[in-house]
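Number of protein chains: 4
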Amino acid sequence: MTELQEMTKALISFRDERDWKQFHNSKDLAIAINSEASELLDLFLWKEKEDFDLDKLKEELADIFAFCLLLAEKHNLNVRDIVLDKIKLNGEKYPVDKSKGTAKKYTDL
Amino acid sequence: MTELQEMTKALISFRDERDWKQFHNSKDLAIAINSEASELLDLFLWKEKEDFDLDKLKEELADIFAFCLLLAEKHNLNVRDIVLDKIKLNGEKYPVDKSKGTAKKYTDL
Amino acid sequence: MTELQEMTKALISFRDERDWKQFHNSKDLAIAINSEASELLDLFLWKEKEDFDLDKLKEELADIFAFCLLLAEKHNLNVRDIVLDKIKLNGEKYPVDKSKGTAKKYTDL
Amino acid sequence: MTELQEMTKALISFRDERDWKQFHNSKDLAIAINSEASELLDLFLWKEKEDFDLDKLKEELADIFAFCLLLAEKHNLNVRDIVLDKIKLNGEKYPVDKSKGTAKKYTDL
Numbered sequence: 001m002t003e004l005q006e007m008t009k010a011l012i013s014f015r016d017e018r019d020w021k022q023f024h025n026s027k028d029l030a031i032a033i034n035s036e037a038s039e040l041l042d043l044f045l046w047k048e049k050e051d052f053d054l055d056k057l058k059e060e061l062a063d064i065f066a067f068c069l070l071l072a073e074k075h076n077l078n079v080r081d082i083v084l085d086k087i088k089l090n091g092e093k094y095p096v097d098k099s100k101g102t103a104k105k106y107t108d109l
Numbered sequence: 110m111t112e113l114q115e116m117t118k119a120l121i122s123f124r125d126e127r128d129w130k131q132f133h134n135s136k137d138l139a140i141a142i143n144s145e146a147s148e149l150l151d152l153f154l155w156k157e158k159e160d161f162d163l164d165k166l167k168e169e170l171a172d173i174f175a176f177c178l179l180l181a182e183k184h185n186l187n188v189r190d191i192v193l194d195k196i197k198l199n200g201e202k203y204p205v206d207k208s209k210g211t212a213k214k215y216t217d218l
Numbered sequence: 219m220t221e222l223q224e225m226t227k228a229l230i231s232f233r234d235e236r237d238w239k240q241f242h243n244s245k246d247l248a249i250a251i252n253s254e255a256s257e258l259l260d261l262f263l264w265k266e267k268e269d270f271d272l273d274k275l276k277e278e279l280a281d282i283f284a285f286c287l288l289l290a291e292k293h294n295l296n297v298r299d300i301v302l303d304k305i306k307l308n309g310e311k312y313p314v315d316k317s318k319g320t321a322k323k324y325t326d327l
Numbered sequence: 328m329t330e331l332q333e334m335t336k337a338l339i340s341f342r343d344e345r346d347w348k349q350f351h352n353s354k355d356l357a358i359a360i361n362s363e364a365s366e367l368l369d370l371f372l373w374k375e376k377e378d379f380d381l382d383k384l385k386e387e388l389a390d391i392f393a394f395c396l397l398l399a400e401k402h403n404l405n406v407r408d409i410v411l412d413k414i415k416l417n418g419e420k421y422p423v424d425k426s427k428g429t430a431k432k433y434t435d436l
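Residue numbers (the numbering used here), protein chains in the order written: chain A, 1 to 109; chain B, 110 to 218; chain C, 219 to 327; chain D, 328 to 436.
The shape of chain A in the complex, shown without the other chains:
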């Protein structure tokens, strides 16, 4: 069992013990991911770039991963494959010679 499978299995067990599958439609899972992402960002509100509590960051980041893994599992997506595929796509949007050293969006390159 890979780490991704191990995490997903633990998340599914947690969900099913609480009979929560009924709530986990795709739209609400997307809202949950946004909610957790916002809690992560809250750690940095009114603060400098590296001024945050590492333990809280671990927890909020874990929550985002958790709902992302549940949404991936719901649609039988292989996380490794979609991430590597997207890196390839992003390579076309951001060719090295045009994007090196600049944070510009691909639409502005």
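One or more hints might be untrue.
[To be verified] With a straight-line Cα cutoff of 25 Å, these simulated SDA-like cross-link-like pairs (lysine to any residue) come out: (1) A:49 <-> B:179; (2) C:227 <-> C:274; (3) B:213 <-> D:376; (4) B:197 <-> A:59; (5) C:316 <-> C:303; (6) A:49 <-> D:351; (7) B:158 <-> A:25; (8) A:58 <-> D:372; (9) D:383 <-> B:217; (10) D:354 <-> B:128; (11) C:227 <-> D:397.
[What the hints assert, rightly or not] Below, a sample of chain A positions facing chain B; criterion: calculated Cβ distance under 7 Å: (12) 3; (13) 17; (14) 45; (15) 82; (16) 87; (17) 88; (18) 96; (19) 98.
Don't read these hints as lab results, they were simulated from the structure. Every value quoted in this text rests on a predicted model; they were computed, and no experiment measured them. For each residue, glycine too, the CB sits at the ideal point set by N, CA and C.
Start from chain A and add chains B, C and D according to the hints.
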């Protein structure tokens, strides 16, 4: 090399080829995660719960994973460990007997 | 007619000319507000605190106001009243003597 | 004094009594708007479209208005003007004949 390591390595290569490490402070990575999470949610705006484009969902979900993996790597976090630790913590916030079959927040249980 | 009424009237006209009221349930209006708020934040991604395009900021901020006004109108809320009421509530959460000069959240004061 | 001016004045007083202007740079105000928008959306998580607590909705909506008004004031923006200008712009992106009765994004019309 595990899948998590493989994805992280590919993301770091992509970043370093473009000399983008300079932009990847923790606060902006948290903003990037929120931005990608919002693009995922946009797929569901004005739509029913399961009415979405699977190819776009794959791409947006992959982008969220990507920035989450980069933030984890920046702070030497083991994604498997933080996720399994958080599931344990959530188990204390949401005991099975109180949370079974209800979507209430732990503060309202 | 006050400015708030004028803006709301213009937004309702715009909506009704396009027969969009059918899409404007409360949950999706809340998603729309989040989507526009994220577009505003995108203007600052990988950038310094005051490094942004003012014309784009005007547009994104206007979009957030627009969906907030539509949600308020949907529930017959008086925007002036709910804002002044909330300032009073926040005054209790953040008493001047405890919160002066600190950006701490009220739960940490 | 218009309602917009009255709300803005009350917000500035609240801010200045607590010496918080120092924290209110544009980027963090944009993060604060996102954070409050996310709290609004949280009211709908795992719930049906009109299943929410009206008192909480008033509070969260008021918080979004508050930070939007503060960001507008910071840049001397006339809220009425930017909203009416944006409605005009949106009218060009969404012509009535193409957008009537459809929730499609302008890029897909």
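Evaluation of the provided hints:
no.	hint	in the structure
1	A:49 <-> B:179	holds, 15 Å
2	C:227 <-> C:274	holds, 24 Å
3	B:213 <-> D:376	holds, 16 Å
4	B:197 <-> A:59	holds, 11 Å
5	C:316 <-> C:303	holds, 21 Å
6	A:49 <-> D:351	holds, 15 Å
7	B:158 <-> A:25	holds, 6 Å
8	A:58 <-> D:372	holds, 23 Å
9	D:383 <-> B:217	holds, 14 Å
10	D:354 <-> B:128	holds, 24 Å
11	C:227 <-> D:397	holds, 23 Å
12	3	holds, 4 Å
13	17	holds, 5 Å
14	45	violated, 9 Å
15	82	holds, 4 Å
16	87	holds, 5 Å
17	88	violated, 9 Å
18	96	holds, 5 Å
19	98	violated, 9 Å
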